[in-house]
Amino acid sequence: MNMRADSPEQPRRRKLLWLQSGGCGGCTMSLLNAEGPDLLTAFEAANIEVLWHPALSEATGSEVISLMRDIVEGRVHLDILCLEGSVMRGPNGTGKFHMMAGSGKPMMDWIAELARVAANVVAVGNCAAYGGITGAGGNEVEACGLAYEGTQAGGLLGRDFRSGSGRPVVNIAGCPIHPGWLVETLHQISADTYSRADMDEWGRPLSYTMHLVHHGCSRNEFYEYKASAEKLSDLGCMMENLGCKGTLARADCNIRAWNGSGSCIDGGYPCINCTSPTFEEPGHTFTETPKISGIPVGLPTDMPKAWFVALASLSKAATPQRLRSNATGDHLKVPPTDRTKVKS
Amino acid sequence: MSRLVVGPFNRVEGDLEVKLEISGNQVKEARVNSPLYRGFERILRDKAPLDALIYTPRICGICSVSQSMAAAEALAQAQGLRLPPNGRIANNIVHAAENIADHLSHFYLFFMPDFAREVYAAYPWYADAAERFKAMTGTAAADVLPARAEFLHLMGILAGKWPHTLSIRPGGSTRAVTANEIARMQAIVSGFRRFLQRFLFGDTLERISAVASGEELAAWAAERPSSSSDFRHFLHLSAALELDKLGRATDRFMSFGAYRAEEGHLFARGVYEDGAIRPLVTAQITEDVSNAWYVQDGQPMDPFSGRTEPDADAPDAYSWCKAPRLGGKVMEVGAIARQVVDGNPLIRDLVSQGGGNVHSRVVARVTEIAHLVLAIEKWLREIEPGKPFCVQGKIDGSAAVAGLTEAARGSLGHWMLVENGRIANYQIIAPTTWNFSPRDMDGKPGALELALEGAPVRKGEKEPVAVQHIVRSFDPCLVCTVH
Chain A
1 MNMRADSPEQ
11 PRRRKLLWLQ
21 SGGCGGCTMS
31 LLNAEGPDLL
41 TAFEAANIEV
51 LWHPALSEAT
61 GSEVISLMRD
71 IVEGRVHLDI
81 LCLEGSVMRG
91 PNGTGKFHMM
101 AGSGKPMMDW
111 IAELARVAAN
121 VVAVGNCAAY
131 GGITGAGGNE
141 VEACGLAYEG
151 TQAGGLLGRD
161 FRSGSGRPVV
171 NIAGCPIHPG
181 WLVETLHQIS
191 ADTYSRADMD
201 EWGRPLSYTM
211 HLVHHGCSRN
221 EFYEYKASAE
231 KLSDLGCMME
241 NLGCKGTLAR
251 ADCNIRAWNG
261 SGSCIDGGYP
271 CINCTSPTFE
281 EPGHTFTETP
291 KISGIPVGLP
301 TDMPKAWFVA
311 LASLSKAATP
321 QRLRSNATGD
331 HLKVPPTDRT
341 KVKS
Chain B
1 MSRLVVGPFN
11 RVEGDLEVKL
21 EISGNQVKEA
31 RVNSPLYRGF
41 ERILRDKAPL
51 DALIYTPRIC
61 GICSVSQSMA
71 AAEALAQAQG
81 LRLPPNGRIA
91 NNIVHAAENI
101 ADHLSHFYLF
111 FMPDFAREVY
121 AAYPWYADAA
131 ERFKAMTGTA
141 AADVLPARAE
151 FLHLMGILAG
161 KWPHTLSIRP
171 GGSTRAVTAN
181 EIARMQAIVS
191 GFRRFLQRFL
201 FGDTLERISA
211 VASGEELAAW
221 AAERPSSSSD
231 FRHFLHLSAA
241 LELDKLGRAT
251 DRFMSFGAYR
261 AEEGHLFARG
271 VYEDGAIRPL
281 VTAQITEDVS
291 NAWYVQDGQP
301 MDPFSGRTEP
311 DADAPDAYSW
321 CKAPRLGGKV
331 MEVGAIARQV
341 VDGNPLIRDL
351 VSQGGGNVHS
361 RVVARVTEIA
371 HLVLAIEKWL
381 REIEPGKPFC
391 VQGKIDGSAA
401 VAGLTEAARG
411 SLGHWMLVEN
421 GRIANYQIIA
431 PTTWNFSPRD
441 MDGKPGALEL
451 ALEGAPVRKG
461 EKEPVAVQHI
471 VRSFDPCLVC
481 TVH
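As given, the protein sequences belong to chains A and B, one line each in that order.
Residues 1 to 344 (the numbering used here) are what the first sequence spells out, left to right.
Residues 1 to 483 (the numbering used here) are what the second sequence spells out, left to right.
If you are wondering where the hints come from, they were derived from the structure by calculation, not from laboratory data.
Treat the hints with care, as some may be off.
Simulated DEER-style distance windows between Cβ atoms [claimed, not checked]:
| id | chain 1 | residue 1 | chain 2 | residue 2 | range |
| --- | --- | --- | --- | --- | --- |
| 1 | B | E262 | A | H284 | 31 to 41 Å |
| 2 | A | S261 | B | E223 | 32 to 42 Å |
| 3 | A | V76 | B | E29 | 16 to 26 Å |
| 4 | A | H77 | B | R198 | 35 to 45 Å |
| 5 | B | S305 | A | L314 | 54 to 64 Å |
| 6 | A | P37 | B | A218 | 30 to 40 Å |
| 7 | B | D316 | A | G294 | 50 to 60 Å |
| 8 | B | E131 | A | S261 | 32 to 42 Å |
| 9 | B | G191 | A | Q10 | 52 to 62 Å |
| 10 | A | T41 | B | R198 | 16 to 26 Å |
| 11 | B | R198 | A | E63 | 33 to 43 Å |
| 12 | A | H215 | B | A179 | 53 to 63 Å |
| 13 | A | Q10 | B | A127 | 24 to 34 Å |
All residues carry an ideal CB built from backbone N, CA and C; glycine is no exception.
Generate the whole structure from the sequences, applying the supplied hints.
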């Protein structure tokens with residue numbers, strides 16, 4: 001039996017089109033890191049047929065333009081439209097900062113036309129979701145996301161946009177995405193088991209934004225006792241001095257490993273909250289914590305300030321020597337004490 | 001005379017449009033358009049200098065570490081920092097891992113699928129090539145993706161993640177690895193070596209890296225059938241299609257030098273022209289915007305005083321890419337330039353025979369993988385756990401510094417002016433800015449534009465397959481190009 005054929009037993013294969021605009025292509029590169037299984041197997045498992053992806057597909061030039069026309073004019077059904085990169089509206093709303101090659105037409109117009117006929121629209125990465133890095137500085141290029149411009153609902157498609165399936169734009173925000181965030185969401189969309197209830201207030205999958213980056217952070221004990229890193233490469237908690245936003249940032253980066261075993265914090269540098277709108281302009285140097293009279297401005301989310309201050313001063317007074325010592329070096333020097341061994 | 005516009009030109013990084021004037025059965029003239037402008041150089045103005053390490057890697061998802069390395073080197077100069085050996089080595093490994101992964105993605109995912117195109121269906125080798133290299137469905141994609149992903153576990157250990165790490169600092173690496181982690185990385189590299197030796201080369205890395213001439217390479221290829229390895233498969237196709245006669249450009253090569261050693265680089269810095277090597281004089285580097293969509297300067301600009309003022313209606317312009325030149329001359333950059341400048345005997349020999357062409361560019365890239373994996377194995381043995389990986393510095397006041405490095409696809413430079421502790425000007429010249437530059441004020445075409453002149457066009461072709469081979473032989477990265 002041909003497993004690929006559309007049949008009553010085998011649901012119709014979901015057709016996916018992937019476009020790139022004002023971004024770096026890093027979300028695709030991260031997606032290629034998918035493991036257990038690899039990306040192509042994951043697409044197959046999700047019953048997804050890739051109509052075209054710029055990095056993966058053979059078709060080029062006029063073949064692609066005619067595919068896009070076929071979709072816009074209803075000759076080819078599009079189940080999932082993925083956009084990677086910001087929508088480029090500048091200069092002055094003309095879209096000339098990205099005229100799609102071979103078409104003589106602004107990419108933003110193609111995106112709008114394809115989104116209108118797609119059953120599902122997925123923003124891949126912070127740029128496509130909210131404008132992202134491309135909108136940093138004064139956003140002179142008028143970059144925006146599909147349904148947001150920074151924290152403002154709207155973007156290219158408008159705040160009330162719903163795709164053919166009735167879903168709003170699904171924002172797989174991150175810079176870059178974790179491959180698992182996208183692959184699992186696409187699988188659910190393809191199986192038609194995905195709903196508004198699976199998304200948070202910024203249109204992101206709750207599957208990963210139900211968590212904080214703080215969850216599973218390997219530096220949690222340093223955090224508990226406020227044993228802080230003083231400089232990048234120190235092993236202590238990076239919240240107090242080095243700008244780490246892990247206690248505010250919503251993602252499962254320390255539960256779900258990157259590249260086999262990593263995460264930003266495990267790599268020795270702070271979380272910059274890249275799943276959130278406007279992360280690109282934090283209002284301070286990324287690797288320095290802004291403080292008011294010695295207290296970090298960005299306190300852990302959901303925590304009353306007075307309690308944080310009280311608990312912090314208490315735990316700081318109780319910091320074990322082991323943590324105090326290990327926090328300011330680049331490798332662990334003092335092991336935990338095993339009382340059984342000490343007694344014997 | 002007829003005209004073809006090829007775009008979207010995919011299986012490159014970013015969007016690309018190539019306009020061709022066709023005369024008879026060949027390309028007479030080509031104009032290359034990098035159609036996306038994002039304005040990173042303007043985003044960086046007035047930022048804290050160290051924040052360049054957040055923004056610049058995000059110029060490019062495929063060369064993100066190279067962008068970090070260039071920025072970190074500029075910032076290290078601004079602070080007068082000298083990296084501890086562990087930090088230098090750790091960053092070299094991260095950088096080499098990215099470049100290897102890029103070479104692999106280019107060969108398997110971007111370049112080889114063109115031999116599985118319908119246009120070749122009647123050729124005797126077609127069935128084998130299509131079975132192995134057909135985009136998305138060929139057997140090679142299924143082999144390479146898991147191997148690449150597992151190899152990049154090195155990034156999980158040394159860099160937190162890839163792309164867009166922040167582990168690379170002006171003073172070294174934020175991630176001090178331990179002895180057991182070095183053992184884990186050695187195991188990962190062993191697994192990757194096994195993949196390369198079994199699938200890509202069908203031979204040991206030592207044997208591949210020792211091949212010293214074009215003749216030796218052809219003899220090596222003939223030892224076993226083309227089905228015995230993907231590199232042999234390529235060499236067979238290349239011979240059948242005479243790819244060594246396709247896509248010759250200026251034959252002037254430049255390398256900024258790659259992978260810092262205690263002194264100098266693993267791959268040397270320099271310029272190779274007319275069979276001779278000469279030192280690189282960076283002060284001769286300029287950028288010209290005569291045919292690009294920017295406010296016109298009227299003359300080529302030194303990168304320290306260069307500016308980026310977009311003007312979508314600039315007359316005569318046809319690309320967002322500026323035209324960099326060295327002493328007014330067009331340079332080719334990439335693995336071939338790196339290797340020919342470094343004196344790699346195989347690549348010197350190939351260049352002396354046929355210059356830079358589709359064949360020699362791909363051979364340089366694929367064989368560089370072998371050299372780099374051997375280098376990573378050596379570097380892993382040199383790390384001394386417990387010793388420092390990072391030193392700290394401070395930027396205050398002013399600086400005029402240039403961070404020069406080599407991305408997978410060639411020379412990458414960041415020119416940074418700091419005034420009062422903030423970035424006053426930041427100019428970036430990326431590898432594909434060199435290779436895919438538009439014409440300059442003298443009308444001199446860029447390297448790709450030149451390489452496409454004379455490319456054969458078959459009857460009825462809308463996207464000439466020879467043009468596809470030539471364009472992709474440069475391994476272009478368009479998101480870096482314009483930034």
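Original post:
Of the hints given before, which are not true for this structure?
Top reply: 3, 9, 12
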